[in-house]
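J.: Listed in order, the protein sequences are those of chains A and B.
To convert, note that position 332 of the first sequence is 482 in our numbering; the numbers rise steadily by one, no gaps.
To convert, note that position 80 of the second sequence is 99 in our numbering; the numbers rise steadily by one, no gaps.
Check each hint, because a few of them may be wrong.
If you only want the chain A side, here are some residues facing chain B, beta carbon under 7 Å, derived [stated by the list, open to error]: (1) G207; (2) Y209; (3) D210; (4) Q241; (5) R244; (6) V304; (7) L367; (8) D463; (9) F566; (10) E569; (11) W573; (12) A575.
None of these hints come from the bench; they were simulated from the model.
Virtual Cβ for every residue (Gly too), placed ideally from N, Cα, C.
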Amino acid sequence: MRRVALVGMPNTGKSTLFNRLTGASARTGNWPGVTVELASARVLAGRHMVELVDLPGLYDLHGFSDDERVVRHFLEAAPVDALVVVLNASQLDRQLALALQVKALGLPTLVLLNMADEARRYGIRIDEAGLAADLGLPVAAISAKLGTGQAEAVRRLAALLDAAGPARDAALREALAEDHRREAAVESLLARHVHVPPRLSDTASDRLDRVVLHPWLGLPLFFVAMLAVFQAVFLLGTPLQDGVEALFGAARKSALEPLLAPLPAFTRGILLDGVWAGVGTVAAFVPLIVVFFFFLAAVEDSGYLSRAAFLTDSLMARLGLDGRAFVMLLMGFGCNVPALMGTRVMRDRPMRLLSMLTIPFSLCSARLQVFVFIAAAIFRPGVAPWVLFGLYVASFLAVIVTALAFKGRFASREPFVIELPPWRAPSLRLVSLRGWIEVRHFLRRATTFIFVGVVAVWLLTHLPAGAAPAGPGTLAGWIGHALQPVLGPLGIDEKLAVALLFGFVAKEVVIGAFAVIYGLEGDALAAGLAGSMDWVAATSFMIFTLIYTPCLSTIATLRTESGSLGFTALAVAWPLALAWVTGFAFYQGMRLAGF
Amino acid sequence: MSELRLLSDLNPGDHGVIAAVHAPEGLGKRLTALGFSTGRPLRLVRRALLAGPLHVRLGTTDVALRMAEAAGIQVRVAAPGPA
């Protein structure tokens, strides 16, 4: 088994190439010397079984960004037999230096000129053979997007490994600052082998930018585009989600219930309402995540995400965030989980954490279901939509307050300098592959956590045995009672407190919990709710439900994405505190005002 | 006829040659890797609203950067006009 690492700058299509070479067989895992997970997969190159590792994109092998450090630490800690450097063929003027940096490491190296098709459209001609001879490294032109040149690249890699000796991990540190010589070498190589027309023609990309980045039209256009994506995600995702839920319900009715009938009620309950419901909760997220990442990958690959960052940056900069955070916040209004996973496009860790802290305040579709039900039960039809609108405003305010409160703590060290890649049509195959990879990631990491949470809530609402489910005699009832000194001042009674406990698992469960707690359903439940609380208490409850804690799936995602228990604790504790203060201020303020 | 100006002061359409890049260590390397080095031609494509970022073209590379970063880059401006 030989190990080969992929190196390249961001936006060179390195990961596209990786996905193309490895298909869906890639897995992410931990490596010695580095704290982040790297994707790797086995591929066959000639007679060699190769473990191909996709390293983070970097601009400078000797640079000091997180990703650049990761690459260096990886190379120092894990022996590598060969390196593959991926360069953007139309940007060789600034990317060749990286190839020379990698060459200086003294390892067998293959240079791949990606996006060869795009370079040709620019009128850029590259003398590959001459470049290879003067570089002293094999060079191959490919298009990772179209898949051209891939076979040839693999052949070159096999030849490289044929000639390579055993892995040498020492001597890497020797390769150090030769920056001056490198610069001169780039100039000379460019002058002799690369022809770039003096002024680029007015490309289609420029014409599109003139509209999309228009000073006045750009932002509204972006809102419309995001709204369309948002609508599409839920137009496609929600029926699929309902389908999965129906499937789980049907399996339960027709197979599991008869099968488990002989078991005692308690065991049956924990298996059906605990375990099976937990599995169903996890599974229901899958279609949404697939569809979301399908669209996100398309938006990202097209180049619109960088442009959105350009458009919204001046607004978001005032909150200590940048334009990409804005895109994810909008996505969070659908479902917080994929939006949190989407923050991976941010390279700077403090900014990513700050975004992850704000996203759970986005009023997701699960919370919307709860609010629609309560608003319809408590408010007149003319007023209810305004209550919902007010909750959306509250959601934005919570984001702003949180960002302002924590922007000092998660101060972004990184200056805002990003590349605006040319517009590209996303490739269907790669976009779908990305969706699949993200789903696997979610399933692997979130299942245990969600599962344990669902079973715990079931136990709390059913123990001690014999008590009415979720009634005052259960552990949950006791907790609801014990919380009265805290939640009472917010107008939240014991029954509502138990419902909040359920909402911790998944917000949409709150209504189902009402049904269990009140022993009513549908219109009767709405009438029961209206009878048990006035509009001030109901609004206070909705405000608290909006803010109080991310649901279990969101918390599981926060933990895996941040990799920090401390941060996850903060992301749970801060919303709780904010929810309490807001609910208290609203409820007591309204009561003081005489309502 | 040319004059020395800060990139942050240019108008859309202005173009010239980079005269100097002043930036702290990390940012300097990043800017160099993106193509901001002395002697390279550059053009300001557009500016975002509300003192937002600048859209700059260097050769075949388009870059967006904030005013703060652009204020460290000096440009010898050719006669203003569309590039």
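J.: Indicate, hint by hint, whether the structure satisfies it.
T.: Hint check results:
no.: 1; hint: G207; verdict: violated, 11 Å
no.: 2; hint: Y209; verdict: holds, 3 Å
no.: 3; hint: D210; verdict: holds, 5 Å
no.: 4; hint: Q241; verdict: holds, 6 Å
no.: 5; hint: R244; verdict: holds, 4 Å
no.: 6; hint: V304; verdict: violated, 28 Å
no.: 7; hint: L367; verdict: violated, 11 Å
no.: 8; hint: D463; verdict: holds, 5 Å
no.: 9; hint: F566; verdict: holds, 4 Å
no.: 10; hint: E569; verdict: holds, 6 Å
no.: 11; hint: W573; verdict: violated, 11 Å
no.: 12; hint: A575; verdict: violated, 18 Å
Going down the numbered hints, you'll see the structure goes against 1, 6, 7, 11 and 12, while the others check out.
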